[in-house]
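J.: If you want the building blocks of each chain, they are given just below.
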Amino acid sequence: NAGVTQTPKFRVLKTGQSMTLLCAQDMNHEYMYWYRQDPGMGLRLIHYSVGEGTTAKGEVPDGYNVSRLKKQNFLLGLESAAPSQTSVYFCASSYGSGGNQPQHFGDGTRLSIL
Amino acid sequence: AQSVSQHNHHVILSEAASLELGCNYSYGGTVNLFWYVQYPGQHLQLLLKYFSGDPLVKGIKGFEAEFIKSKFSFNLRKPSVQWSDTAEYFCAVNAPGSARQLTFGSGTQLTVLP
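Here the protein sequences line up with chains A and B, keeping their order.
So the first sequence is numbered by the working numbering: it starts at 1 and just counts up by one.
So the second sequence is numbered by the working numbering: it starts at 1 and just counts up by one.
Keep in mind the hints are simulated off the structure, nothing from the lab.
A hint or two may mislead.
Said to hold, decoys possible - Some chain B residues near chain A, calculated using beta-carbon distances under 7 Å:
(1) His43
(2) Leu44
(3) Leu46
(4) Lys49
(5) Phe90
(6) Gln101
(7) Phe104
(8) Gly105
(9) Ser106
(10) Gly107
What you are looking at is a predicted structure, and each value in this text was computed from that prediction instead of being measured.
Quick reminder that beta carbons are idealized off the backbone N, C-alpha and C, glycines included.
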């Protein structure tokens with residue numbers, strides 16, 4: 001089982017460049033999430049989606065946009081990358097109903113902004 | 001808004017020592033509680049979860065956690081740690097109906113010396 005797959009795994013950008021991180025899940029999960037992980041700060045929620053075509057802001061949404069055009073995919077975009085966005089980005093997914101279920105995480109994308 | 005505190009940032013133990021990692025949360029209502037583990041270079045994996053019922057929860061790899069509602073705590077324990085338990089441990093909470101959004105603590109790095 002692939003679970004949650006993130007691409008790319010590593011990327012280096014220059015300030016001002018744009019890029020899109022892709023998250024794909026094969027578990028038919030309704031909910032999907034994007035987090036960033038920074039040293040000493042745990043994981044912080046950037047954006048999330050409760051279903052195809054819906055997105056919502058999390059704790060730290062500024063500078064990011066997301067789209068959920070297909071149920072299995074959740075894209076995270078950086079329109080104009082800044083050094084403060086250097087981080088490890090994790091995607092996660094979970095069932096949306098039928099009882100409480102934990103989130104399943106991808107392997108992460110390490111992003112450096114120079 | 002809910003918050004999670006993990007007061008131990010780095011814990012160093014010798015093999016066979018007992019482990020207890022603290023987790024306190026602030027939220028006035030019912031919560032779901034989780035412990036995740038992140039081994040070096042890997043994604044987060046679920047150790048255990050508490051939704052309701054018996055406040056003593058057993059997870060994988062010999063870990064357990066106790067939910068004490070009056071103390072807003074969900075401490076992680078293991079009677080005898082192994083070198084392979086070296087990892088970062090994250091406590092997380094969400095509130096039912098909150099789109100499963102997780103609020104993470106800042107993490108505790110556990111180093112087990114052989």
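J.: So, for every hint listed, does it hold in this structure?
T.: Hint check results:
| no. | hint | in the structure |
| --- | --- | --- |
| 1 | His43 | holds (4 Å) |
| 2 | Leu44 | holds (4 Å) |
| 3 | Leu46 | holds (5 Å) |
| 4 | Lys49 | holds (6 Å) |
| 5 | Phe90 | holds (6 Å) |
| 6 | Gln101 | holds (6 Å) |
| 7 | Phe104 | holds (4 Å) |
| 8 | Gly105 | holds (6 Å) |
| 9 | Ser106 | holds (4 Å) |
| 10 | Gly107 | holds (5 Å) |
In terms of the numbered hints stated before, the structure departs from none.
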